[in-house]
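The listed protein sequences correspond, in order, to chains A and B.
Counting from 20, one number per residue, gives the positions in the first sequence under the working numbering.
Counting from 20, one number per residue, gives the positions in the second sequence under the working numbering.
Simulated from the structure, these hints should not be mistaken for laboratory data.
Any given hint could be a false lead.
Note that the list lumps identical chains together, so a pair holds whenever it fits in one copy or between two copies.
Mimicking DMTMM-like on lysine to aspartate or glutamate, the simulated pairs with C-alpha atoms at most 25 angstroms apart in a straight line are [unchecked claim]: (1) Lys-288 - Glu-239; (2) Lys-219 - Glu-191; (3) Lys-219 - Glu-37; (4) Lys-102 - Glu-28; (5) Lys-276 - Glu-141; (6) Lys-140 - Asp-245; (7) Lys-140 - Glu-44; (8) Lys-87 - Glu-214.
Protein chains: 2
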Amino acid sequence: MTINDNARELLNARYGTELDWEPGEWNDTLNVILSHRSVRRWLDEPVSEEQVRSIVAAAQSAPSSSNKQTVSVVAVQDAEIKKELQVVGRQMFNHIETAPVVLIWCIDHSIARLLAEREGKELGALEYFDEAGLGFLDAGIMSQNAAIAAESMGLGTVYLGSMRNDMERVQELLHLPTHVVPVVGLAIGHPDPTERAGIKPRLPQDAVLHWDAYGAPRPELIDAYDTALDTYYSRYGQHQLWSHQFVSRLGAESIIKTNRRLVRRVLEKAGFGLR
Amino acid sequence: MTINDNARELLNARYGTELDWEPGEWNDTLNVILSHRSVRRWLDEPVSEEQVRSIVAAAQSAPSSSNKQTVSVVAVQDAEIKKELQVVGRQMFNHIETAPVVLIWCIDHSIARLLAEREGKELGALEYFDEAGLGFLDAGIMSQNAAIAAESMGLGTVYLGSMRNDMERVQELLHLPTHVVPVVGLAIGHPDPTERAGIKPRLPQDAVLHWDAYGAPRPELIDAYDTALDTYYSRYGQHQLWSHQFVSRLGAESIIKTNRRLVRRVLEKAGFGLR
Numbered sequence: 020m021t022i023n024d025n026a027r028e029l030l031n032a033r034y035g036t037e038l039d040w041e042p043g044e045w046n047d048t049l050n051v052i053l054s055h056r057s058v059r060r061w062l063d064e065p066v067s068e069e070q071v072r073s074i075v076a077a078a079q080s081a082p083s084s085s086n087k088q089t090v091s092v093v094a095v096q097d098a099e100i101k102k103e104l105q106v107v108g109r110q111m112f113n114h115i116e117t118a119p120v121v122l123i124w125c126i127d128h129s130i131a132r133l134l135a136e137r138e139g140k141e142l143g144a145l146e147y148f149d150e151a152g153l154g155f156l157d158a159g160i161m162s163q164n165a166a167i168a169a170e171s172m173g174l175g176t177v178y179l180g181s182m183r184n185d186m187e188r189v190q191e192l193l194h195l196p197t198h199v200v201p202v203v204g205l206a207i208g209h210p211d212p213t214e215r216a217g218i219k220p221r222l223p224q225d226a227v228l229h230w231d232a233y234g235a236p237r238p239e240l241i242d243a244y245d246t247a248l249d250t251y252y253s254r255y256g257q258h259q260l261w262s263h264q265f266v267s268r269l270g271a272e273s274i275i276k277t278n279r280r281l282v283r284r285v286l287e288k289a290g291f292g293l294r
Numbered sequence: 020m021t022i023n024d025n026a027r028e029l030l031n032a033r034y035g036t037e038l039d040w041e042p043g044e045w046n047d048t049l050n051v052i053l054s055h056r057s058v059r060r061w062l063d064e065p066v067s068e069e070q071v072r073s074i075v076a077a078a079q080s081a082p083s084s085s086n087k088q089t090v091s092v093v094a095v096q097d098a099e100i101k102k103e104l105q106v107v108g109r110q111m112f113n114h115i116e117t118a119p120v121v122l123i124w125c126i127d128h129s130i131a132r133l134l135a136e137r138e139g140k141e142l143g144a145l146e147y148f149d150e151a152g153l154g155f156l157d158a159g160i161m162s163q164n165a166a167i168a169a170e171s172m173g174l175g176t177v178y179l180g181s182m183r184n185d186m187e188r189v190q191e192l193l194h195l196p197t198h199v200v201p202v203v204g205l206a207i208g209h210p211d212p213t214e215r216a217g218i219k220p221r222l223p224q225d226a227v228l229h230w231d232a233y234g235a236p237r238p239e240l241i242d243a244y245d246t247a248l249d250t251y252y253s254r255y256g257q258h259q260l261w262s263h264q265f266v267s268r269l270g271a272e273s274i275i276k277t278n279r280r281l282v283r284r285v286l287e288k289a290g291f292g293l294r
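Modelling step: build the complete structure from the supplied sequences, incorporating the hints.
Following this line, the structure appears as structure tokens:
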């Protein structure tokens with residue numbers, strides 16, 4: 020198989036359909052990125068401290084807004100803490116407590132506070148929404164570098180947005196001060212090859228990518244995606260109508276059920292003005 | 020040079036100091052990630068449509084919260100629009116208008132709105148802060164996959180947080196409806212090898228990485244970083260005291276100067292309740 024056959028195969032899987040454009044130059048990193056799937060079953064094998072350090076070095080190599088570096092990470096290996104994080108996550112599977120390591124990404128202005136005090140200055144930017152938005156953005160940029168790094172090493176990953184179900188409990192468990200905000204988790208381990216999960220198709224590229232000017236969503240692309248995703252799930256004996264599930268996932272019920280109505284309070288307690 | 024010599028060299032550059040732990044297995048993708056530097060000078064060479072499509076396929080391969088896929092991207096190639104984005108960016112260099120392509124990443128609930136209307140449902144989750152935070156997070160996760168993909172292809176990138184200086188103008192330029200929120204840009208092109216910029220050191224890993232329990236910032240690590248970054252800049256005949264600049268970048272002045280006090284208004288107009 021040439022490298023471009025491989026590219027086409029990965030792209031076909033990613034969109035659940037035959038590619039109608041020609042991929043150009045291809046490489047190992049694109050293979051890693053395009054091969055991503057979320058992993059929720061792990062082999063009973065540790066992730067070494069050196070691996071965690073390499074993964075975090077990759078995360079720190081990501082761009083940082085104005086080089087402010089206001090994201091920190093707690094690497095959780097302790098079995099008791101992971102068990103409690105599993106409770107916070109309220110997931111169908113036990114992939115949080117069984118993961119060898121769970122990285123918790125935090126918006127963290129601790130160094131800024133220390134330095135501001137030293138210089139007798141105010142951190143006035145924290146009064147504005149932008150700084151909080153930027154915190155979530157930078158946490159995403161940084162954690163995704165970590166995810167790609169881990170996957171390049173043959174490890175599997177899964178994001179844990181469910182850590183926002185109870186951020187105050189996560190703060191308590193990790194001894195985070197109230198001004199350090201845990202925004203998302205990333206569980207890492209050795210993938211159990213018996214887990215039945217493949218590359219999940221995404222929306223057709225033309226539903227997401229616009230050239231120079233934005234265009235309204237095209238219903239036929241959404242229908243095509245419903246079909247592609249249902250075909251994917253049918254391989255596992257399941258059926259799913261994405262467009263229907265999607266709308267219900269954006270209902271108020273989903274916030275109330277997961278308790279995420281408290282996210283704003285945690286940010287306010289952390290000193291974000293959100294103006 | 021063995022692959023581990025290369026690893027050590029990259030890690031030494033990334034932290035601006037001699038590594039005091041042993042990197043484990045290393046690979047090409049870690050090389051790409053650790054070699055990152057922001058590029059602001061481009062060769063006069065186009066980025067092909069196929070390259071943009073591969074980069075966006077990489078972005079779409081990133082994890083997406085509950086597979087909601089609420090981030091879209093506008094690939095700007097038009098010279099006039101890039102010139103206007105340069106005006107929005109108010110940068111020292113002209114790296115926005117001269118980049119062959121600028122990707123603008125948007126929080127986009129257009130498909131959700133269409134489907135909700137079709138099903139007669141409400142998108143109640145948008146009332147809560149979590150959904151906006153998650154939008155910024157997912158935009159970061161997705162755009163970073165794009166950045167790594169581009170860099171793996173030998174292209175250079177630079178993030179444009181400065182698009183938030185005037186999001187309403189960006190909406191106007193790209194014909195974005197008010198409910199589509201442009202959160203960050205990513206300029207992509209062929210790096211001009213004469214640009215004098217290297218791998219910028221980051222904070223010592225122990226200032227960012229905690230094991231199981233959070234620890235307060237250690238002033239000696241901040242001082243060490245001030246030294247490492249100043250040593251880096253002195254190679255380019257410049258000097259910089261990070262800790263001082265950092266605090267001033269978090270002053271209210273930095274928000275007022277860049278006009279980012281309007282970010283919240285744009286989100287509210289887009290239908291985010293931010294409760």
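Each hint, compared with the structure:
Taking identical chains as interchangeable, the C-alpha atoms of Lys-288 and Glu-239 are never at most 25 angstroms apart, the minima being 45 angstroms within one chain and 28 angstroms between chains. For the identical chains of this complex, Lys-219 and Glu-191 are neighbours neither inside a copy (35 angstroms) nor across copies (34 angstroms), given an alpha-carbon limit of 25 angstroms. In the homo-oligomer, the alpha carbons of Lys-219 and Glu-37 lie at most 25 angstroms apart inside one protomer (15 angstroms), although the nearest pairing across protomers, at 41 angstroms, exceeds that limit. In this assembly of identical chains, Lys-102 and Glu-28 lie within 25 angstroms of each other by CA distance neither inside one copy nor across copies; the values are 38 angstroms within and 38 angstroms between.
Taking the shortest Cα distances, Lys-276 and Glu-141 sit within 25 angstroms of each other only across copies (16 angstroms), while inside one copy they are farther apart (38 angstroms). Taking the shortest Cα distances, Lys-140 and Asp-245 sit within 25 angstroms of each other only across copies (18 angstroms), while inside one copy they are farther apart (53 angstroms). Neither within a single protomer nor between protomers do Lys-140 and Glu-44 lie at most 25 angstroms apart by alpha-carbon distance, with minima of 50 angstroms and 44 angstroms respectively. For a Cα distance limit of 25 angstroms, the shortest separation of Lys-87 from Glu-214 across copies, 23 angstroms, qualifies, whereas the shortest one inside one copy, 40 angstroms, does not.
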